[in-house]
Each structure stands twice: as structure tokens, then as C-alpha cells.
Amino acid sequence: EDQVTQSPEALRLQEGESSSLNCSYTVSGLRGLFWYRQDPGKGPEFLFTLYSAGEEKEKERLKATLTKKESFLHITAPKPEDSATYLCAVPGSYNTDKLIFGTGTRLQVFP
Amino acid sequence: EAQVTQNPRYLITVTGKKLTVTCSQNMNHEYMSWYRQDPGLGLRQIYYSMNVEVTDKGDVPEGYKVSRKEKRNFPLILESPSPNQTSLYFCASSLSRDRDNEQFFGPGTRLTVL
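Chains as they are written, first to last, in the numbering used here: chain A, 42 to 152; chain B, 247 to 360.
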């Protein structure tokens, strides 16, 4: 069964304290892995798409990496404005028109 | 401005009273989708549409209907809402059925069914 698992569920960081969020997946023939950011009361906002193992993408303090079984979202020297829920998603194995989301990691960065 | 709009943003209704949540996008996107988001369960896909008059079920379609008569609009219909459909709903669109394309999400509709 296709599954996306994110950990930890919640993460509290001090401003400047770097860390990583994990997204592990079980799908056959991965056709992209998406990272989204969601602020409270708003719709998810696209961050990155990764297509193959070894690929990396960066945006400001965020860097996403991909292996054959998981993806990491590394946050370097976070600021309070990075506080949000981070979601990852993959297309389904047998129906790639469907998108399967993880339950997200809620990140709080304190000054 | 490129965007996905949903209406209403907030709705409180009673069991059994039919309702429609509208979704519209101005980006000429082919692919549109509806999700519900519940605490601990994350985003789950309800229905999606790959183009006009083409729709298919997602993971949790029971109790919902959709239609895609025009490319820009993708309304979500609850014929007889029940309390377990109380949730936060998001509409999303992307350029094509190719899943490599990022999805743009609407602002959400918070529905309460009493």
C-alpha cells in the first residue's frame, strides 16, 4: 500500500538551531516527491519537487534531498518566520493522478 | 493575479441540507482536485479532474460529488451532509495531468455540519 510518513510530528527549535525533517515513502516507481509549506488557516504552498535519488534543491534556508526511500528537508539557521507545517507528497504507484500526502511536521522556531 | 478561489470560506450547516462549495482557477489549468484536511489524518484527496467532463475518485469520495463542465470551475457538492464531513476543504489545480507539475491550492473552506 502506498504510504507517506513524516517525522517528527512536531519540532521546536531555537532561532539559528539547524535541524532536519524526514519524509519516508513506500511507492513503486517514484514519479516525483513534493514538499509544501502550510501556514495556519491557509492552503499549502509549493516549495520543491525532487525526481531522483541524489537530487537536491535549495531555497533560502531550506534544502531538500532525496534518497530511494526518503526525503529530508534541512533547515539551516531557521528564523521565526519559518514556523509552519511542512508537508510532503508523492503520486500513487498504480494511479499516478492521485497525490498522497503525509500528515506533516509542525515546526515552531522561537526567537 | 494567478490564483485558486473558493467560496464560501466558512460554512455552518445542518445535517442533510445540500450544499455546494465552489472552486475556480484563472490559470487555464487542466488538473483540479479537492482535498479534505483533518487533524492527525493530513490531506486526503476526495475527487480529481484531469480535464473538462473527466473526473475520478480519490481516496475518500463517499458522500461527495463533483462536476467539471468548464475548465476553470470544479464545484464540490455535498448532497446530504453529515457531521463526519465537518472538515477543512481545499481545492487545488495544476497545469496538466502530469504529476510533476506543482499544485496551487486555494485558501480553504472550513465546513461545520451540525
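Check the hints yourself; a few may be wrong.
Said to hold, decoys possible - Computed list of lysine-lysine pairs in BS3-like fashion (alpha-carbon distance at most 27 angstroms, straight line):
(1) Lys139(A) to Lys104(A)
(2) Lys317(B) to Lys83(A)
(3) Lys264(B) to Lys83(A)
(4) Lys120(A) to Lys317(B)
(5) Lys315(B) to Lys263(B)
(6) Lys109(A) to Lys83(A)
(7) Lys315(B) to Lys303(B)
(8) Lys120(A) to Lys98(A)
(9) Lys311(B) to Lys83(A)
(10) Lys317(B) to Lys264(B)
(11) Lys110(A) to Lys139(A)
(12) Lys317(B) to Lys139(A)
(13) Lys317(B) to Lys110(A)
(14) Lys139(A) to Lys120(A)
(15) Lys83(A) to Lys104(A)
(16) Lys120(A) to Lys109(A)
(17) Lys311(B) to Lys100(A)
(18) Lys120(A) to Lys83(A)
(19) Lys303(B) to Lys264(B)
(20) Lys311(B) to Lys263(B)
(21) Lys311(B) to Lys264(B)
(22) Lys303(B) to Lys263(B)
(23) Lys100(A) to Lys120(A)
(24) Lys264(B) to Lys109(A)
The hints are simulated quantities; they were obtained by calculation from the structure and are not laboratory data.
We went through each hint and held it up to the structure:
1. For the given pair, Lys139(A) sits about 25 angstroms from Lys104(A) by alpha-carbon distance, which is consistent with the 27 angstroms threshold.
2. A threshold of 27 angstroms between alpha carbons decides the hint, and for Lys317(B) with Lys83(A) the separation of about 24 angstroms falls inside it, so the pair holds.
3. Simply put, Lys264(B) and Lys83(A) have alpha-carbon atoms about 25 angstroms apart, close enough for the 27 angstroms limit, and the pair holds.
4. Restraint check for Lys120(A) and Lys317(B): not satisfied, since their Cα atoms lie roughly 40 angstroms apart, outside the 27 angstroms limit.
5. Among the hinted pairs, Lys315(B) with Lys263(B) is consistent with the structure: their alpha-carbon atoms are about 23 angstroms apart, no more than 27 angstroms.
6. Between Lys109(A) and Lys83(A) the alpha-carbon distance is near 31 angstroms, which puts this suggested pair outside the 27 angstroms criterion.
7. For the hint linking Lys315(B) to Lys303(B), the alpha-carbon distance of about 17 angstroms falls within 27 angstroms, and the restraint holds.
8. For the proposed pair Lys120(A) and Lys98(A), the alpha carbon gap of about 19 angstroms is at most 27 angstroms, so the pair holds.
9. Restraint check for Lys311(B) and Lys83(A): satisfied, since their Cα atoms lie roughly 24 angstroms apart, inside the 27 angstroms limit.
10. Between Lys317(B) and Lys264(B) the alpha-carbon distance is near 24 angstroms, which keeps this suggested pair within the 27 angstroms criterion.
11. Straight-line distance between C-alpha atoms of Lys110(A) and Lys139(A) comes to about 19 angstroms, which keeps the hinted pair within the 27 angstroms bound.
12. For a cut-off of 27 angstroms, the pair hint linking Lys317(B) to Lys139(A) stands: about 19 angstroms separates their Cα positions.
13. The hinted pair formed by Lys317(B) and Lys110(A) fails the criterion: a straight-line CA distance of about 36 angstroms is larger than 27 angstroms.
14. Of the pairs offered as hints, the one joining Lys139(A) and Lys120(A) is violated, with about 34 angstroms between alpha carbons and a cut-off of 27 angstroms exceeded.
15. Restraint check: the Cα-Cα separation between Lys83(A) and Lys104(A) comes to about 23 angstroms, which is no more than 27 angstroms; the hinted pair holds.
16. Annotation: proposed proximity of Lys120(A) to Lys109(A) is violated, straight-line Cα distance about 30 angstroms (limit 27 angstroms).
17. Taken as a hint, the Lys311(B) and Lys100(A) pair is broken in the structure, with Cα atoms around 38 angstroms apart against an allowance of 27 angstroms.
18. At roughly 20 angstroms between alpha-carbon atoms, Lys120(A) and Lys83(A) fall within 27 angstroms of each other, so this suggested pair holds.
19. Of the supplied pair hints, the one linking Lys303(B) and Lys264(B) holds, its CA atoms being roughly 20 angstroms apart against a limit of 27 angstroms.
20. A threshold of 27 angstroms between alpha carbons decides the hint, and for Lys311(B) with Lys263(B) the separation of about 14 angstroms falls inside it, so the pair holds.
21. With a C-alpha separation of about 11 angstroms, the suggested pair Lys311(B) and Lys264(B) falls inside the 27 angstroms cut-off, and the hint holds.
22. Restraint check for Lys303(B) and Lys263(B): the C-alpha separation of about 23 angstroms stays at or below 27 angstroms, so the hint holds.
23. Using a Cα cut-off of 27 angstroms, the hinted pair Lys100(A) and Lys120(A) holds, with the two alpha carbons roughly 14 angstroms apart.
24. Simply put, Lys264(B) and Lys109(A) have alpha-carbon atoms about 45 angstroms apart, too far for the 27 angstroms limit, and the pair is violated.
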